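Participant: All chains, please: the whole structure from these sequences, using the hints.
Here's the letter readout for the chains.
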Amino acid sequence: MSSNEELQNTNTEERFDFKKEEKSAFQTEKGLTEETVRVISEDKGEPEWMLKRRLRALEQFQEMPMPTDWPGQPDLSEVDVAEIVPYIRPDVDVRAGVDDWTELPDEIKDTFDKLGIPEAEKNALSGVGAQYESEVVYQNMQERWEEKGVIFCNMDEAVREHEEIVKEHFMTKCVPPSDNKFAALHGAVWSGGSFVYVPEDVTVEMPVQAYFRMNSEGMGQFEHTLIVAEDGAEVHYIEGCSAPKYSAFNLHCGGVEVFVGEDAHVQYSTVQNWSKNTYNLNTKRALCEADGRMEWISGSMGSKATMLYPSTVLKGPRASDNHITIAFAGEGQNIDTGAKVYHNAPETKSTIESKSISKDGGRTNYRGLVHIADGAENSSTSVECDALMFDNESTSDTMPYMEINESKVDVAHEATVGKIGDEDVFYLQSRGLDDDDAKQMIVSGFIEPITEELPIEYAVELNRLVELEMEGSLG
Amino acid sequence: MSGTQLPANLSTEMVREISERREEPEWLLEARLDALEALDDLELPDVIKTPGRRWTNLEALDFGSLVDPLNQADETERTSDEGVEVLTFAEAIEAHPDLVESSFGSTIDPTENYLTALSAALFTTGTVVYVPEGVDAEDVTVRAEMNSRSLFSHTLVIAEKSSSVTILESIESGGSTDAESRYFSNLVEIDAGENAYVQYGSLQNLAEDTYHYALKRADVGTYGTVNWIEGNLGSRLTRSDVESELEGDSAETKIVGAFFGHADQHFDVNARVWHHGENTTADLVTRGVLDDEARSVYEGVQDVGRDAWNTSSYQRENTLMLSDESEADASPKLIIHNHDTEASHSATVGQVDQEDLFYMISRSIGRTQARNMLVEGFFVPVLDEIAVDEFREDLRELIAARLR
Chain A
1 MSSNEELQNT
11 NTEERFDFKK
21 EEKSAFQTEK
31 GLTEETVRVI
41 SEDKGEPEWM
51 LKRRLRALEQ
61 FQEMPMPTDW
71 PGQPDLSEVD
81 VAEIVPYIRP
91 DVDVRAGVDD
101 WTELPDEIKD
111 TFDKLGIPEA
121 EKNALSGVGA
131 QYESEVVYQN
141 MQERWEEKGV
151 IFCNMDEAVR
161 EHEEIVKEHF
171 MTKCVPPSDN
181 KFAALHGAVW
191 SGGSFVYVPE
201 DVTVEMPVQA
211 YFRMNSEGMG
221 QFEHTLIVAE
231 DGAEVHYIEG
241 CSAPKYSAFN
251 LHCGGVEVFV
261 GEDAHVQYST
271 VQNWSKNTYN
281 LNTKRALCEA
291 DGRMEWISGS
301 MGSKATMLYP
311 STVLKGPRAS
321 DNHITIAFAG
331 EGQNIDTGAK
341 VYHNAPETKS
351 TIESKSISKD
361 GGRTNYRGLV
371 HIADGAENSS
381 TSVECDALMF
391 DNESTSDTMP
401 YMEINESKVD
411 VAHEATVGKI
421 GDEDVFYLQS
431 RGLDDDDAKQ
441 MIVSGFIEPI
451 TEELPIEYAV
461 ELNRLVELEM
471 EGSLG
Chain B
1 MSGTQLPANL
11 STEMVREISE
21 RREEPEWLLE
31 ARLDALEALD
41 DLELPDVIKT
51 PGRRWTNLEA
61 LDFGSLVDPL
71 NQADETERTS
81 DEGVEVLTFA
91 EAIEAHPDLV
101 ESSFGSTIDP
111 TENYLTALSA
121 ALFTTGTVVY
131 VPEGVDAEDV
141 TVRAEMNSRS
151 LFSHTLVIAE
161 KSSSVTILES
171 IESGGSTDAE
181 SRYFSNLVEI
191 DAGENAYVQY
201 GSLQNLAEDT
211 YHYALKRADV
221 GTYGTVNWIE
231 GNLGSRLTRS
241 DVESELEGDS
251 AETKIVGAFF
261 GHADQHFDVN
271 ARVWHHGENT
281 TADLVTRGVL
291 DDEARSVYEG
301 VQDVGRDAWN
311 TSSYQRENTL
321 MLSDESEADA
331 SPKLIIHNHD
341 TEASHSATVG
351 QVDQEDLFYM
361 ISRSIGRTQA
371 RNMLVEGFFV
381 PVLDEIAVDE
391 FREDLRELIA
401 ARLR
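Here the protein sequences come in this chain order: A and B.
FYI, the UniProt record's numbering numbers position 89 of the first sequence as 89, with every residue one higher than the one before it.
FYI, the UniProt record's numbering numbers position 1 of the second sequence as 1, with every residue one higher than the one before it.
These aren't lab readings, by the way, just hints derived from the structure by calculation.
Nothing here was measured: the structure is a model prediction, and the numbers come from that model.
All C-beta atoms, glycine included, are put in the ideal place defined by N, C-alpha and C.
Certain hints may be false.
[Unchecked claim] Using 20 Å as the maximum straight-line C-alpha spacing, the simulated EDC-like pairs for lysine to aspartate or glutamate come out as follows:
(1) A:Lys408 with A:Glu347
(2) A:Lys419 with B:Glu342
(3) B:Lys49 with A:Asp179
(4) A:Lys439 with B:Asp340
(5) A:Lys349 with B:Asp353
(6) A:Lys408 with B:Asp292
(7) A:Lys408 with B:Asp324
(8) A:Lys408 with B:Glu325
(9) A:Lys44 with A:Glu164
(10) A:Lys419 with B:Asp303
(11) A:Lys349 with B:Asp324
(12) A:Lys439 with B:Glu342
(13) A:Lys419 with B:Glu278
(14) A:Lys419 with B:Asp340
(15) A:Lys408 with B:Glu355
(16) A:Lys408 with B:Asp356
(17) B:Lys49 with A:Asp69
[What the hints assert, rightly or not] Examples of chain A residues toward chain B, derived with CB under 10 Å:
(18) Asp69
(19) Asp374
(20) Glu377
(21) Ala387
(22) Glu393
(23) Thr395
(24) Met399
(25) Tyr401
(26) Met402
(27) Glu403
(28) Asp410
(29) Val411
Facilitator: Dropping the structure here:
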């Protein structure tokens, strides 16, 4: 029986019965099954096509092997999807688990304290209730946007309210579930996230920030973000977990899809600081039409292991892409991140600027792919990686891959690794700073290319997070 | 091993015959038989994979039709300086049995991969260069001609304490064979002792029906230096790995590569260095030109170990593309475990500089001649690294001959 027939045979009544049965079984049974996926979809009241996509993604997930043979990749042997996945459908109990500030782990509470975040905001950041100030801001902004036809809402809501746009763009040509095992997993069990739609020639002047929403969903671990910027549109989206996210689960597997129309401009900024038991296995991609411009600004601070390579497909002539990434790995952390750019049209441009800091046995890796297709004449790309290391317990790798099929191009890759300059430290000490402050200042300077791209409050928070990492006081 | 065609008639008898004909000692026969036996479980050398593709398709090699173990033939001319012994492998076993036994397989494990094992089991030619303590030798040449469908070669260079030697090796094809394609395998092991200096240059200009595998690796002792020069012009497909293990403190290495591909040639060239000792220095320089539908794959690895304090490590790779149908893939890798390191790498791919071309044309140099001059100029930084005039001239001439 084909999966189509199977779906058609499942009438509503049967499915409801099914669901009741499954709900109890679901809480005890481990492993990701078709029933799990049906229950999720059912609960969300999703249209049939979305359920079909989920089930197809599930099939693909089950067919694909775990990535194991990437040179130097983080160890994922602990990631037992069979153990983790049942929990993605949060039952009331699980929600309650994060519902109370006092039940948060101390390390997370300390972090909030040290960041100087007020109590009300702490509650919001920890995933509890509404962050009322933000809500107000959100409401105000929402009205302004709505006048211009901008849509910004929760992804689950978008499936219901803006079905046609979502149906066209959701995990079809940008991040198909077949992209990788975790994209497939995401496609099967995704929940929550943001939907941003900017109509033709509309500029959203303020950055669209989404951290408060993602957290309130409580299921942010598999959130999906879909941004559609029509021709000539402009938007800056900030994925905000500028503080550690408390998570009952140890797998974060999100999906981000960005559609950059002709002459449109999208900036996507992330400052993430996952708790240090989290495996962060995300898939982020942008499709960029002629003259479109995509910018990825990412700060990866937390997690036990991260495998994340935001990618851009430059589809139309003169499309361009900039990546600025910074990774910080402390004790026990393995941050494997980079960028992927496909130059598929003439006169496309990309720049990648990657900075990493490793300390106390932490491990950072830049893994990047630049592909220049045959016919992408007069394209240029420049990749620059700088790594700063504190000790010989730490590791810093750079693994760029360049596939060049076109001769009329300009491709350059450059990477440097070094320790913190003793002379620089000495100079700052001679000006009265102590050793720690001197190093802190050097690191702040090192990451400046990122911070200057961010709105001031994010830049400040990023700096404070780095400070905390430097003190070794996180996790 | 899955997917690889073993030579149909490959057997222990055959390996015994190779060894007996050469009157080899028991240990070498055993080493050959061990390698043969290991073949079943060994994989081909790793090739770079990116989403959806393997950069070099070694699986396609049909060893069944490429390898003819009992009919290997070469003509090799060896010249040497005074004080240094340059011997055929067979002669060396006779003259220095213990030295050869202890050196064979000490830098390259014969069972490292499928191709090294095949080579260790079947090799019939090779050279042993023995430079005793304190001896300086400036001019050792090994010029080989391959005269059979397949040829397996194994070379050992033993440079004792405070010795120095410059070795030039070249390989080309002799008269054609009845086979459609040929296979040449070349393993080179260098053991450079304390304060020893070895420059090892290779020039490969095999006929373009030849598949070519080379693994060259050096162990470099304290204060030792091993400089490699690897020039690749010939062959249908070349997979070449040139590697230095900087074992001793203050050891140094330079790996200089040049390739020039045309027609549908495929070069998979790799330069790798491991910094184990303290205060070690490495410099990796590769320049390549691609024309027609030629394709290059480059991997450079700088691996700095946890105890490799005060390392300096540099890598540059530049590829010039003369044709739209060519393809240049590169992956320069830095693996750094010690923060007391100064390391950098860079890679570029591009075409002949249009402004330079315009300038020269405006000075009434014809377009083709101008382009050729720029290509020749592109190789200058690599040619400059070659200490021996004769070798530099050979490479320059081969490059010039390839330019139309």
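Participant: Does each hint hold? Answer for all of them.
Facilitator: Hints and how they fare:
1. Restraint check for Lys408 (chain A) and Glu347 (chain A): the C-alpha separation of about 10 Å stays at or below 20 Å, so the hint holds.
2. Simply put, Lys419 (chain A) and Glu342 (chain B) have alpha-carbon atoms about 8 Å apart, close enough for the 20 Å limit, and the pair holds.
3. For the hint linking Lys49 (chain B) to Asp179 (chain A), the alpha-carbon distance of about 15 Å falls within 20 Å, and the restraint holds.
4. Among the hinted pairs, Lys439 (chain A) with Asp340 (chain B) is consistent with the structure: their alpha-carbon atoms are about 15 Å apart, no more than 20 Å.
5. Taken as a hint, the Lys349 (chain A) and Asp353 (chain B) pair is honoured in the structure, with Cα atoms around 18 Å apart against an allowance of 20 Å.
6. Pair hint Lys408 (chain A) plus Asp292 (chain B) holds up; C-alpha atoms about 14 Å apart against a cutoff of 20 Å.
7. Taken as a hint, the Lys408 (chain A) and Asp324 (chain B) pair is honoured in the structure, with Cα atoms around 7 Å apart against an allowance of 20 Å.
8. Between Lys408 (chain A) and Glu325 (chain B) the alpha-carbon distance is near 11 Å, which keeps this suggested pair within the 20 Å criterion.
9. Of the supplied pair hints, the one linking Lys44 (chain A) and Glu164 (chain A) holds, its CA atoms being roughly 17 Å apart against a limit of 20 Å.
10. A distance of roughly 16 Å separates the Cα atoms of Lys419 (chain A) and Asp303 (chain B); the hinted pair therefore holds under the 20 Å criterion.
11. A hinted pair counts as satisfied when its Cα atoms are at most 20 Å apart, and Lys349 (chain A) with Asp324 (chain B) qualifies at roughly 19 Å.
12. This hinted pair checks out: Lys439 (chain A) and Glu342 (chain B) have alpha carbons roughly 18 Å apart, not beyond 20 Å.
13. With a C-alpha separation of about 16 Å, the suggested pair Lys419 (chain A) and Glu278 (chain B) falls inside the 20 Å cut-off, and the hint holds.
14. Of the supplied pair hints, the one linking Lys419 (chain A) and Asp340 (chain B) holds, its CA atoms being roughly 6 Å apart against a limit of 20 Å.
15. In summary, the hint linking Lys408 (chain A) to Glu355 (chain B) is supported, as the alpha carbons are separated by about 13 Å, within the 20 Å threshold.
16. The suggested pairing of Lys408 (chain A) with Asp356 (chain B) holds, with an alpha-carbon distance near 15 Å, which does not exceed 20 Å.
17. Only pairs whose Cα atoms come within 20 Å are accepted, and Lys49 (chain B) paired with Asp69 (chain A) is accepted, the gap being roughly 10 Å.
18. Taking 10 Å as the C-beta cut-off, the interface hint given for Asp69 (chain A) holds, the closest approach to chain B being about 8 Å.
19. Taking 10 Å as the C-beta cut-off, the interface hint given for Asp374 (chain A) holds, the closest approach to chain B being about 7 Å.
20. Contact between Glu377 (chain A) and chain B, as hinted, is supported at the beta carbon level, the nearest pair being about 8 Å apart and thus within 10 Å.
21. Annotation: Ala387 (chain A) was flagged as interfacial toward chain B, and the flag holds, the nearest CB pair being 7 Å apart, inside 10 Å.
22. Residue-level restraint check for Glu393 (chain A) holds (minimum Cβ-Cβ distance to chain B is 8 Å; threshold 10 Å).
23. Here the hint on Thr395 (chain A) is kept, as its CB sits about 5 Å from the closest CB of chain B, short of 10 Å.
24. For Met399 (chain A), the suggested interface contact is upheld, since its CB lies about 5 Å from the closest CB of chain B, less than 10 Å.
25. Here the hint on Tyr401 (chain A) is kept, as its CB sits about 5 Å from the closest CB of chain B, short of 10 Å.
26. Below 10 Å, beta-carbon pairs count as interface contacts, and Met402 (chain A) has one with chain B at about 5 Å; its hint therefore holds.
27. With a cut of 10 Å, the hint placing Glu403 (chain A) at the interface with chain B holds, because the nearest CB-to-CB distance is about 5 Å.
28. The interface hint given for Asp410 (chain A) holds, since its Cβ lies 5 Å from the closest Cβ of chain B, which is under the 10 Å cut-off.
29. Because the smallest distance between the Cβ of Val411 (chain A) and any Cβ of chain B comes to about 4 Å, under 10 Å, the interface hint for this residue holds.
Hint violations for this structure: none, all hints satisfied.
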